[in-house]
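Let's have the full structure, built from the sequences with the hints guiding it.
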Amino acid sequence: MDDSERLPRRAVLARLAISESGFVFDPTTGHSFIVNETGLVVLRRLQAGSPMRDLIVTLQDDYDAAPAELERDVLEFVGSLRKLVDAQ
Amino acid sequence: MTAAQLASVAGVAVTGMNARADNPGPGVAVARCLREGRHFSGRIVGLGYDPLDPGVYLEQFCDAGYLLPYPSAGDEAFLDRIAFIHDEQGFDLMIPTLDAELPGLVRLAPKLADMGVRTFLPSATQLELRNKDRLGELAEHAGMIAPETKKVTQAGFFYRCQEEGWTYPLVVKGLFYDAQVARDPDTAAAAFHRIAAQWGFPVLVQRFLRGEEVNLTALGDGEGNLLGPVMMRKLGLTDKGKAWAGVTVQDDRLLEASQSLVAATRWRGPLEVEVMVDDEGRYQLIEINPRFPAWIYLAAGVGRNLPEALVSLAFGQQPDKFIDVAPGTLFIRYAQETIVPLSEYESVVMRGVRRQPMPHADGEDATGVQP
Chain F
1 MDDSERLPRR AVLARLAISE SGFVFDPTTG HSFIVNETGL VVLRRLQAGS PMRDLIVTLQ
61 DDYDAAPAEL ERDVLEFVGS LRKLVDAQ
Chain E
89 MTAAQLASVA GVAVTGMNAR ADNPGPGVAV ARCLREGRHF SGRIVGLGYD PLDPGVYLEQ
149 FCDAGYLLPY PSAGDEAFLD RIAFIHDEQG FDLMIPTLDA ELPGLVRLAP KLADMGVRTF
209 LPSATQLELR NKDRLGELAE HAGMIAPETK KVTQAGFFYR CQEEGWTYPL VVKGLFYDAQ
269 VARDPDTAAA AFHRIAAQWG FPVLVQRFLR GEEVNLTALG DGEGNLLGPV MMRKLGLTDK
329 GKAWAGVTVQ DDRLLEASQS LVAATRWRGP LEVEVMVDDE GRYQLIEINP RFPAWIYLAA
389 GVGRNLPEAL VSLAFGQQPD KFIDVAPGTL FIRYAQETIV PLSEYESVVM RGVRRQPMPH
449 ADGEDATGVQ P
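Here the protein sequences come in this chain order: F and E.
Our numbering puts the first sequence at residues 1 to 88.
Our numbering puts the second sequence at residues 89 to 459.
Source of the hints: derived by calculation from the structure; they are not laboratory data.
Errors might be hidden in some of the hints.
Label pairs and their calculated CB-CB ranges [unchecked claim]:
1) F:Y63 to E:A91: 40 to 48 Å
2) E:R248 to F:R82: 37 to 45 Å
3) E:P198 to F:S21: 41 to 49 Å
4) F:L75 to E:R298: 21 to 29 Å
5) F:S80 to E:R298: 15 to 23 Å
6) E:K409 to F:A17: 23 to 31 Å
7) F:P51 to E:Q406: 17 to 25 Å
8) F:P51 to E:A92: 54 to 62 Å
9) F:L75 to E:D340: 25 to 33 Å
C-beta atoms are modelled at their ideal positions from N, C-alpha and C, and glycine is treated no differently.
Given below as structure tokens:
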């Protein structure tokens, strides 16, 4: 499965207003949600266009977790993210 | 319109001063926008129908409040009342804010103009186009689709509608106003009788859509241009499905659809476009309201004071350039009490008037009432 199938659409990611506090607002739908510190890091990197593989490698440098576990958590996060922002 | 021209407008009368928390009329919000207008400083006259319409008493928004006869009293009674209020208050423009008022006011606009009262309304043809039974036709103009809608004249329809492919829940609607979601035939039949009694026939039935509602308010200049659009997604609803909280959004598909709609109909006056983005991401036109919505103060709150802009248009002038609207500004409605002396309430009940007395030399006010 490539990134385009796993990640929210690039245009949707680009439009999100992401605050330092972890508050995220979608200006098209009016939806807002909160992400934790790790989610904020992931979301910012995805918004900057980082591919999933690079993202996971980078996270391995910062977090003490097994690669498989890290990948599973990131996939779960982006799955939730798609549900939240990809409806339109 | 220049600031000086706007400042010279003597007064504006605004209808729809009802403001029940679960389903407020737009009048109080329109009056508030005018009161906070950058240039307009004329009198604001609030027009209601019931002595308990709170806007009639709100001095911070309305310099005077009057009751009108219900539309069922006929055109003559309505015009006589407007002439009386106009003599007392000398307003130049009337802004109706209730759906049920529009057909009559469009019809009476030339007579109001003879009286010196301007309006800025759609034509009768434009108004008919947005009737709920012609929603599909209107949606086509906007490049959208509309939920299937059918006229119903007998409650028995709701007990056999499944044979015609209808499923519950469905929405029972009045031709001009009111809507209720019904989840079974008994509820639908009860809604049918209630709506028919209040709003007449035909009653409409519409397929229920699951999705998210997004609304747009703006002005049509009558030349095909959409002016000052503000888009809002509801964040909180009252029991009647009215917005209790909302947030500005930038939805380009809704904007383009609304521009197409106004261009095709050459809409003149305020409007609210209600769209449901269904679960498949399709934009379904739910309704076009030929008036400002009750949430219009949000528009002024983000720098687009559409009621003040309407004053300019009504005087044949272009409004000031609209500033950009940033998405992400919320409104949250709240209910509060206004304190009314018995004498004011009595005046509204007995004479349909709340205003500062205008004393004559003999100590009586202009209507012969002892102050």
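These are the hints, each one checked on the structure:
1. F:Y63 to E:A91: 40 to 48 Å: Check failed, 59 Å falls outside 40 to 48 Å.
2. E:R248 to F:R82: 37 to 45 Å: holds (42 Å)
3. E:P198 to F:S21: 41 to 49 Å: violated (57 Å)
4. F:L75 to E:R298: 21 to 29 Å: Holds - the Cβ-Cβ distance for F:L75 and E:R298, about 28 Å, lies within 21 to 29 Å.
5. F:S80 to E:R298: 15 to 23 Å: holds (21 Å)
6. E:K409 to F:A17: 23 to 31 Å: holds (25 Å)
7. F:P51 to E:Q406: 17 to 25 Å: violated (50 Å)
8. F:P51 to E:A92: 54 to 62 Å: holds (60 Å)
9. F:L75 to E:D340: 25 to 33 Å: Given about 31 Å between the Cβ atoms, the range holds.
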